[in-house]
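Trainee: Please build the complex by placing chain R on the supplied structure of chain B, with the hints as guidance.
Residue numbers (our numbering), protein chains in the order written: chain B, 54 to 283; chain R, 13 to 658.
Please note: incorrect hints may appear among the correct ones.
Ranges between beta-carbon positions, derived for each pair [as the list claims (entries may be wrong)]: (1) R:486 with B:110: 37 to 45 angstroms; (2) B:108 with R:257: 54 to 62 angstroms; (3) R:114 with B:225: 56 to 64 angstroms.
Covered stretches of chain R, going by a simulated chain B footprint (3 or more residues, C-beta under 8 angstroms) [claimed, not checked]: (4) 220 to 230; (5) 406 to 416; (6) 435 to 443.
DMTMM-like cross-link-like pairs, simulated, lysine to aspartate or glutamate; straight-line CA separation at most 25 angstroms [as the list claims (entries may be wrong)]: (7) B:153 with R:184; (8) B:135 with R:442; (9) B:117 with R:345; (10) B:164 with R:442; (11) B:153 with R:232; (12) R:589 with R:552; (13) B:153 with R:336; (14) B:164 with B:218; (15) R:589 with R:605; (16) B:85 with R:406; (17) B:121 with R:406; (18) R:331 with B:232; (19) B:117 with R:232; (20) B:226 with B:237; (21) R:589 with R:565; (22) B:153 with R:228; (23) B:117 with R:36; (24) B:117 with R:206; (25) R:225 with B:107; (26) R:331 with B:218; (27) R:493 with B:136; (28) R:225 with B:112; (29) B:226 with B:265; (30) R:563 with R:598; (31) R:175 with B:136; (32) R:205 with B:112; (33) R:61 with R:558; (34) R:547 with R:57; (35) B:135 with R:491; (36) B:121 with R:558.
Please keep in mind that the hints were generated in silico from the structure rather than gathered at the bench.
All residues carry an ideal CB built from backbone N, CA and C; glycine is no exception.
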Amino acid sequence: MLKVIDSAVPVACWSCSVAHNESTLFCPHCSKIQPPPGSDYFSVFGLVPRLNLDLGMLEHQFHKLSRKLHPDRFARASESEKDWSLADTALLNDAYRTLKDPIRRTEYLLKLHGAEIGEEHAGKGRIDPSRVPADLLEEVFDLNMQLEEMRMAREAGEKDAALEESLQQAKKKFDELMDEVERDLRAQWTAWDDGDEAARGAAQKTMVALLDRRRYLNNLVRDVTETLGA
Amino acid sequence: MADGRVVGIDLGTTNSLVAYMQGEAPVVIPGVDGSNLVPSVVALDPAPKDGARPTVTVGNSARRALIETPERVIYSVKRLMGRGLDEVQKELKLFPFRLADDVQAGEVPRIQLGELRFTPPEISAYILRQLKRNAERFFGEPVTQAVITVPAYFNDAQRQATKDAGRMAGLEVLRLVNEPTAAALAYGLDRAKEGTIAVYDLGGGTFDISILKLRDGIFEVQSTNGDTHLGGDDIDNLLLAIALDEIHAEHGVNLREHPSAVQAVRKAAIDAKILLSTAQSAQFDIELPNGDRYQREIPREVYEQLIEQVLNRTTGPCKQAMTDAGVTPEQIDEVVLVGGSTRIPAVRQLVDELFHLSARGKKPHIELNPDEVVALGAAVQADILAGASKATEELLLLDVTPLSLGIEALGGVVARIIQRNSTIPASATEHFTTGVDGQTNVAIHVVQGERELAADCRSLARFDLKGIPPMTAGLPRIEVKFLIDADGILQVSAREQRSGKQAQIEVKPTYGLTDEQVETMILDSFDNAEADFAKRLLIEGRNEAESILAKVEQAKTSTAWAALTIAEKDAIAAAEKHLAAVKASDDLAVIREATVALDRATQRLAELMMDAAVTTAIRGKTMGDAGDELGEGPSAPHPMAPAEFK
Numbered sequence: 054m055l056k057v058i059d060s061a062v063p064v065a066c067w068s069c070s071v072a073h074n075e076s077t078l079f080c081p082h083c084s085k086i087q088p089p090p091g092s093d094y095f096s097v098f099g100l101v102p103r104l105n106l107d108l109g110m111l112e113h114q115f116h117k118l119s120r121k122l123h124p125d126r127f128a129r130a131s132e133s134e135k136d137w138s139l140a141d142t143a144l145l146n147d148a149y150r151t152l153k154d155p156i157r158r159t160e161y162l163l164k165l166h167g168a169e170i171g172e173e174h175a176g177k178g179r180i181d182p183s184r185v186p187a188d189l190l191e192e193v194f195d196l197n198m199q200l201e202e203m204r205m206a207r208e209a210g211e212k213d214a215a216l217e218e219s220l221q222q223a224k225k226k227f228d229e230l231m232d233e234v235e236r237d238l239r240a241q242w243t244a245w246d247d248g249d250e251a252a253r254g255a256a257q258k259t260m261v262a263l264l265d266r267r268r269y270l271n272n273l274v275r276d277v278t279e280t281l282g283a
Numbered sequence: 013m014a015d016g017r018v019v020g021i022d023l024g025t026t027n028s029l030v031a032y033m034q035g036e037a038p039v040v041i042p043g044v045d046g047s048n049l050v051p052s053v054v055a056l057d058p059a060p061k062d063g064a065r066p067t068v069t070v071g072n073s074a075r076r077a078l079i080e081t082p083e084r085v086i087y088s089v090k091r092l093m094g095r096g097l098d099e100v101q102k103e104l105k106l107f108p109f110r111l112a113d114d115v116q117a118g119e120v121p122r123i124q125l126g127e128l129r130f131t132p133p134e135i136s137a138y139i140l141r142q143l144k145r146n147a148e149r150f151f152g153e154p155v156t157q158a159v160i161t162v163p164a165y166f167n168d169a170q171r172q173a174t175k176d177a178g179r180m181a182g183l184e185v186l187r188l189v190n191e192p193t194a195a196a197l198a199y200g201l202d203r204a205k206e207g208t209i210a211v212y213d214l215g216g217g218t219f220d221i222s223i224l225k226l227r228d229g230i231f232e233v234q235s236t237n238g239d240t241h242l243g244g245d246d247i248d249n250l251l252l253a254i255a256l257d258e259i260h261a262e263h264g265v266n267l268r269e270h271p272s273a274v275q276a277v278r279k280a281a282i283d284a285k286i287l288l289s290t291a292q293s294a295q296f297d298i299e300l301p302n303g304d305r306y307q308r309e310i311p312r313e314v315y316e317q318l319i320e321q322v323l324n325r326t327t328g329p330c331k332q333a334m335t336d337a338g339v340t341p342e343q344i345d346e347v348v349l350v351g352g353s354t355r356i357p358a359v360r361q362l363v364d365e366l367f368h369l370s371a372r373g374k375k376p377h378i379e380l381n382p383d384e385v386v387a388l389g390a391a392v393q394a395d396i397l398a399g400a401s402k403a404t405e406e407l408l409l410l411d412v413t414p415l416s417l418g419i420e421a422l423g424g425v426v427a428r429i430i431q432r433n434s435t436i437p438a439s440a441t442e443h444f445t446t447g448v449d450g451q452t453n454v455a456i457h458v459v460q461g462e463r464e465l466a467a468d469c470r471s472l473a474r475f476d477l478k479g480i481p482p483m484t485a486g487l488p489r490i491e492v493k494f495l496i497d498a499d500g501i502l503q504v505s506a507r508e509q510r511s512g513k514q515a516q517i518e519v520k521p522t523y524g525l526t527d528e529q530v531e532t533m534i535l536d537s538f539d540n541a542e543a544d545f546a547k548r549l550l551i552e553g554r555n556e557a558e559s560i561l562a563k564v565e566q567a568k569t570s571t572a573w574a575a576l577t578i579a580e581k582d583a584i585a586a587a588e589k590h591l592a593a594v595k596a597s598d599d600l601a602v603i604r605e606a607t608v609a610l611d612r613a614t615q616r617l618a619e620l621m622m623d624a625a626v627t628t629a630i631r632g633k634t635m636g637d638a639g640d641e642l643g644e645g646p647s648a649p650h651p652m653a654p655a656e657f658k
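Chain B on its own, in the form it takes in the complex (with noise of 0.2 angstroms):
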């Protein structure tokens, strides 16, 4: 699980000795590398958690970190501060990577607050029919069949044009049921950001529930695309 920051303690600095707020990558007073601290991704960039994000600001944040923090800029410094910027590094590449796409970065916020957010399936043919959205029950047993079908066909080396135009059709729409998830996530992000605890509260439900339908179409849509693609 992430850790979650509750309240600044007091460290101090390796190298001047100087106390500074735990969340820090650099020493505020001899701006000397620290050891990675235990903060949340947002606060790496000095954000507080937030959904709309601006992504230019993001980039250049992460460009000005980058340049401080990469081990290419301690390539003959100590073994200690070679190993604090591959792992400050690290979590900045990892927090930069999470927060500039919306999708991971819903999820991260979300898990942050306590919200259970299922894993990624792996593996073919897994779509579990329980988890079904009640919406779209019907055009999945639709397109479980013509995929069984489809792969029956290819077992059999046969080409049926008219079944994979209907697949690609199929993806299409999942295509954009996909993006239609994608805008109604953006809808609650301002009700999360600048709504009171109530707001939150509903925003993150409802955020929870897109997530998971979303992850859903996911699946279908790589099933189609590796059934085609196969």
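Mentor: Relative to the frame of chain B, chain R by itself:
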């Protein structure tokens, strides 16, 4: 600089180079023979009679040894780096060398070279040591730190093997840099540009495509893709197969039964390929054992149809890289061509189509020599790491991992923990627990690749978490941190959270040497002692002089010698006499100059000897017992390819 210089090294399949930053521009350091390229060929000199360990030669002189003692020469060792026994066995079908017969499953395969056995990193270490010496000779001071380039698509084991080779050669490898990224650095240096760049790198044996975003001096790789078994070798093999089939059909001679002849026809195929990059047609003209001549014209058109299938294999990786980077061809501002195979006009045509270049009034970048551009970029990265340089202080390279990292989960399925194209260093933290009461060990299998089943991915290592305090099943909570460092190599650490104990990890790399093994393979531990440095250079200089004198003496009995003109023989005799006179002096510069002069004077002799060996091979006379062991196969690279062509 107190810490000494950092050099940039391109450790290539066919050729290797070392470069450094001269002020504001990277420059390749030439070898003692004046050539920028050191052929990646290693030869074991004849065993001394006193039973001492034979010496090892590298580069052009090793290439020449291929004629006389092919069983003591190895080339293209990069293809064997970081590979397991079964993979090497497969690969060796395409090479004339043999595995040592006592190789056990699970250990790093060793190659039999004469009476000795070497692992692939040891062979690479000899090449690196030669480059290190070339640089030391050039600077007149020790060189102990380097940046080495690797194909972007190299996996963890291949990267680790390259690093091990550096250590054996007495080099601290400050960074492994991906070849296409290095090329981008070499180009990006003199243009303070912003935009998206694609680097298309088709070499002798590998293909890489990388897409980078350039901004404020930061080179941020967006995605990379490739094929570690695709390159100019595949084209050679196509031409070779055609020639062999036609010779068989038209003249009733099956040269495939004469492996040494196959190698000779391969040389003809390589010559034809190179010619077809500039000429409209090329010819095969080969005298056969039965006295017939095989003559065949290959027009450019036919050649291009032929190689289309090979070149098209680069299309998929390019498209995938663009998809992964989230860009369309129109969004690519610049395309950089790297690797000798990008001299082929059909390759340039394909690149033009892939990235819609001429349609947008653009041309790919070919200003820098495609054989040198990677080494030049490595020198730029070396300068960045050395720090304190005005030319590179604003530059920073942010590269990615080419392959996803995963752990084997229940049912052999892969749980991906770090996705491909993640910026490195990258990390992932996973939690593990026990399945049985009192269990104190947990085994973790780490794999690399994009497939869903662990069995289809490449096994990277097995970790054993040990010393877990005995508890009820499911209660221990072991936190394992996986970290891919800036070299693209995995590091792992673990902690049992409930007891707070640092868990012990025992790593069994699936393919690779242990630290202790590497330690025993370090070439010469005295190599870096600064006090002996000048003395060492002098001894090396004298040895080189002795070695070339002996080789020239030996060559005088060859038929090639008889073919030289009087003037050529006189020139050689004069150079020989001069070198013999100065070789014992204490003036290194004088010895070196005389050595280079003799090397130049014997250039044509060496070429004639090579040609003679080729002719002998075709006529079916063996070049010695080892000739029969020369391999033939669909993708064996050839060491006789010219080391340098403009």
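Trainee: Would you mind marking each hint as holding or not holding in the structure?
Mentor: A quick look at each hint next to the structure:
1. Range check, residue 486 (chain R) to residue 110 (chain B): Cβ separation about 44 angstroms, and the 37 to 45 angstroms hint holds.
2. Checked against the given bound of 54 to 62 angstroms, the beta carbons of residue 108 (chain B) and residue 257 (chain R), roughly 58 angstroms apart, stay inside it.
3. Take residue 114 (chain R) and residue 225 (chain B): their Cβ atoms lie about 60 angstroms apart, and the range 56 to 64 angstroms holds.
4. With 3 residues having a Cβ less than 8 angstroms from any Cβ of chain B, the segment 220 to 230 of chain R passes the three-residue criterion, so the hint holds.
5. Under the rule that three or more residues need a Cβ within less than 8 angstroms of chain B, the assignment of the segment 406 to 416 of chain R holds, with 3 such residues.
6. Residue count for the segment 435 to 443 of chain R with a Cβ under 8 angstroms from a Cβ of chain B: 6. That meets the three needed, and the coverage hint holds.
7. Among the hinted pairs, residue 153 (chain B) with residue 184 (chain R) is inconsistent with the structure: their alpha-carbon atoms are about 36 angstroms apart, more than 25 angstroms.
8. Restraint check for residue 135 (chain B) and residue 442 (chain R): the C-alpha separation of about 24 angstroms stays at or below 25 angstroms, so the hint holds.
9. Under the criterion of a C-alpha separation no larger than 25 angstroms, the hint pairing residue 117 (chain B) with residue 345 (chain R) is consistent with the structure, at around 24 angstroms.
10. For the given pair, residue 164 (chain B) sits about 15 angstroms from residue 442 (chain R) by alpha-carbon distance, which is consistent with the 25 angstroms threshold.
11. Taken as a hint, the residue 153 (chain B) and residue 232 (chain R) pair is honoured in the structure, with Cα atoms around 15 angstroms apart against an allowance of 25 angstroms.
12. Annotation: proposed proximity of residue 589 (chain R) to residue 552 (chain R) holds, straight-line Cα distance about 20 angstroms (limit 25 angstroms).
13. For the suggested pair residue 153 (chain B) and residue 336 (chain R), the alpha carbons sit about 15 angstroms apart, so the restraint of at most 25 angstroms is met.
14. Taken as a hint, the residue 164 (chain B) and residue 218 (chain B) pair is broken in the structure, with Cα atoms around 39 angstroms apart against an allowance of 25 angstroms.
15. Between residue 589 (chain R) and residue 605 (chain R), the direct Cα distance comes to roughly 13 angstroms. Compliance with the 25 angstroms bound is thereby established for this hinted pair.
16. Taking the CA atoms of residue 85 (chain B) and residue 406 (chain R), the gap is near 19 angstroms; set against the 25 angstroms cutoff, the hint holds.
17. At most 25 angstroms may separate the alpha-carbon atoms for a hinted pair to count; residue 121 (chain B) and residue 406 (chain R) meet this at roughly 11 angstroms.
18. The suggested pairing of residue 331 (chain R) with residue 232 (chain B) holds, with an alpha-carbon distance near 23 angstroms, which does not exceed 25 angstroms.
19. Distance hint between residue 117 (chain B) and residue 232 (chain R) is fulfilled; the C-alpha atoms sit about 13 angstroms from each other, no more than 25 angstroms.
20. Taking the CA atoms of residue 226 (chain B) and residue 237 (chain B), the gap is near 17 angstroms; set against the 25 angstroms cutoff, the hint holds.
21. Distance hint between residue 589 (chain R) and residue 565 (chain R) is fulfilled; the C-alpha atoms sit about 12 angstroms from each other, no more than 25 angstroms.
22. A threshold of 25 angstroms between alpha carbons decides the hint, and for residue 153 (chain B) with residue 228 (chain R) the separation of about 19 angstroms falls inside it, so the pair holds.
23. Between residue 117 (chain B) and residue 36 (chain R), the direct Cα distance comes to roughly 24 angstroms. Compliance with the 25 angstroms bound is thereby established for this hinted pair.
24. Simply put, residue 117 (chain B) and residue 206 (chain R) have alpha-carbon atoms about 16 angstroms apart, close enough for the 25 angstroms limit, and the pair holds.
25. A threshold of 25 angstroms between alpha carbons decides the hint, and for residue 225 (chain R) with residue 107 (chain B) the separation of about 19 angstroms falls inside it, so the pair holds.
26. In summary, the hint linking residue 331 (chain R) to residue 218 (chain B) is supported, as the alpha carbons are separated by about 23 angstroms, within the 25 angstroms threshold.
27. At roughly 14 angstroms between alpha-carbon atoms, residue 493 (chain R) and residue 136 (chain B) fall within 25 angstroms of each other, so this suggested pair holds.
28. The straight-line distance between the Cα atoms of residue 225 (chain R) and residue 112 (chain B) is roughly 12 angstroms, inside the 25 angstroms bound, and the hint therefore holds.
29. For a cut-off of 25 angstroms, the pair hint linking residue 226 (chain B) to residue 265 (chain B) stands: about 18 angstroms separates their Cα positions.
30. This hinted pair checks out: residue 563 (chain R) and residue 598 (chain R) have alpha carbons roughly 23 angstroms apart, not beyond 25 angstroms.
31. Restraint check for residue 175 (chain R) and residue 136 (chain B): satisfied, since their Cα atoms lie roughly 18 angstroms apart, inside the 25 angstroms limit.
32. Straight-line distance between C-alpha atoms of residue 205 (chain R) and residue 112 (chain B) comes to about 18 angstroms, which keeps the hinted pair within the 25 angstroms bound.
33. A threshold of 25 angstroms between alpha carbons decides the hint, and for residue 61 (chain R) with residue 558 (chain R) the separation of about 17 angstroms falls inside it, so the pair holds.
34. Restraint check for residue 547 (chain R) and residue 57 (chain R): satisfied, since their Cα atoms lie roughly 23 angstroms apart, inside the 25 angstroms limit.
35. Of the supplied pair hints, the one linking residue 135 (chain B) and residue 491 (chain R) holds, its CA atoms being roughly 23 angstroms apart against a limit of 25 angstroms.
36. A C-alpha spacing of about 52 angstroms is found between residue 121 (chain B) and residue 558 (chain R), which places the hinted pair above 25 angstroms, so the restraint is violated.
Hints 7, 14 and 36 from the earlier list are contradicted by this structure; the remaining hints agree with it.
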